[in-house]
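Which chain is which? The protein sequence lines are L and Y, in order. Numbering follows the working numbering, with no gaps: position 93 of the first sequence is 93. Numbering follows the working numbering, with no gaps: position 67 of the second sequence is 67.
To be clear, the hints were calculated from the coordinates, so they are not data collected in a lab. One thing to keep in mind: the hints can contain errors.
[Claimed, not checked] Listed next, the stretches of chain Y that the computed footprint assigns to chain L, with coverage defined by at least 3 CB atoms under 8 angstroms from CB atoms of chain L: (1) 18-32; (2) 59-71; (3) 176-188.
[Said to hold, decoys possible] Far from chain Y, some chain L residues (derived; all Cβ distances over 10 angstroms): (4) Met1; (5) Met64; (6) Ala85; (7) Ala93; (8) Leu104; (9) Asp122.
As the structure is a computational prediction, the values presented were derived from the model and not from experiment. All C-beta atoms, glycine included, are put in the ideal place defined by N, C-alpha and C.
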Amino acid sequence: MYFVIGDYVAGMLIGALTALGVRAVVWPGMDMVIAMLLGMVIGMGIHLVLGLLLSPLLGMFETMMPASMIGMYGGMLFGMRDSMAAGSRTLAAAAAVGALFGALVVLSIKVYDRALRGPVIDAGD
Amino acid sequence: MDTETQRKWDTASRTFDWFTFADDHRLGPHKRRLFSKIRGATLMVAAGTGNDFKFFPPGQHIVAIDISPQMLERAAQKAATYQGTIELQVMDVCELPFPDASFDTVVTVCTFCSVPKPVAGLRELYRVLRPSGQLLMFEHVRSKIGPFGIFLDLMTPLSRRLGPELNRDTVGNVQKAGFQIRREENVYLDIVKIIEAVKG
């Protein structure tokens with residue numbers, strides 16, 4: 001249970017910090033392509049730092065894989081949103097959407113992991 | 001002896017237990033299940049700081065090797081608490097001094113992400129295994145799922161400096177070395193795997 005809760009908290013933290021990081025750098029009216037690329041770089045940077053800090057507590061791959069998806073894709077999506085000023089007007093709202101996005105990515109990867117887990121080849125003894 | 005690799009893992013030994021703390025707890029039951037298949041004379045490759053000794057079934061005699069003397073210094077204490085015997089030796093998997101067909105079982109845990117010449121190392125394991133001997137591996141590999149695989153490729157130049165590579169095709173390398181895959185199991189996504197192979 002500790003690890004399951006930890007996975008979601010980590011995902012929400014990375015999502016929220018990515019959203020805030022992107023909000024700090026991308027302004028309304030910025031070229032959307034630049035904003036998305038910038039968002040991706042910011043998200044990757046945040047996920048690398050937090051992934052390194054959290055992986056001893058939660059496991060290397062269980063932290064790294066969701067974090068990479070949240071950082072990379074979340075950063076791009078938040079960059080696109082902020083360049084268009086399309087919603088989440090306050091910092092708190094941006095962080096909340098980031099956290100929600102993080103939690104949903106963690107959930108999706110857990111579901112996908114369940115589907116993939118188990119024997120791929122089993123030739124018997 | 002590959003001194004560059006030895007230096008890298010001597011350095012990593014200082015923080016190794018800290019970074020693998022959660023992995024031990026999350027993945028430990030899978031390792032215990034895999035190690036329950038150990039039989040006969042057993043070689044463990046890349047023992048590290050001995051974190052995995054606690055997952056061995058009791059009563060075995062295991063030769064545990066690692067390229068890093070500092071890793072094995074830390075492993076000595078854990079080997080002493082094992083209910084059986086674990087003999088620690090500094091050794092490069094690509095230059096094993098054992099005669100052909102010396103072991104019934106070879107065990108590896110997150111080893112072939114780090115061996116610079118993985119197929120050469122696996123061929124050495126093939127050599128020292130007896131006919132029908134088994135190779136039990138707990139390894140992480142490159143994902144075949146698009147975004148995960150690309151991410152692991154992007155991260156590898158960085159991870160290689162500190163420790164392992166993240167995009168190895170270890171299942172393919174095991175086959176290239178001559179082994180027959182008996183079982184392949186996904187433990188986390190298609191990245192962390194149990195691989196069981198036999199010397200054909």
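Find the hints from earlier in the document that the structure breaks and name them by number, from lowest to highest. Result: hints 2, 5, 9 break, sorted rising.
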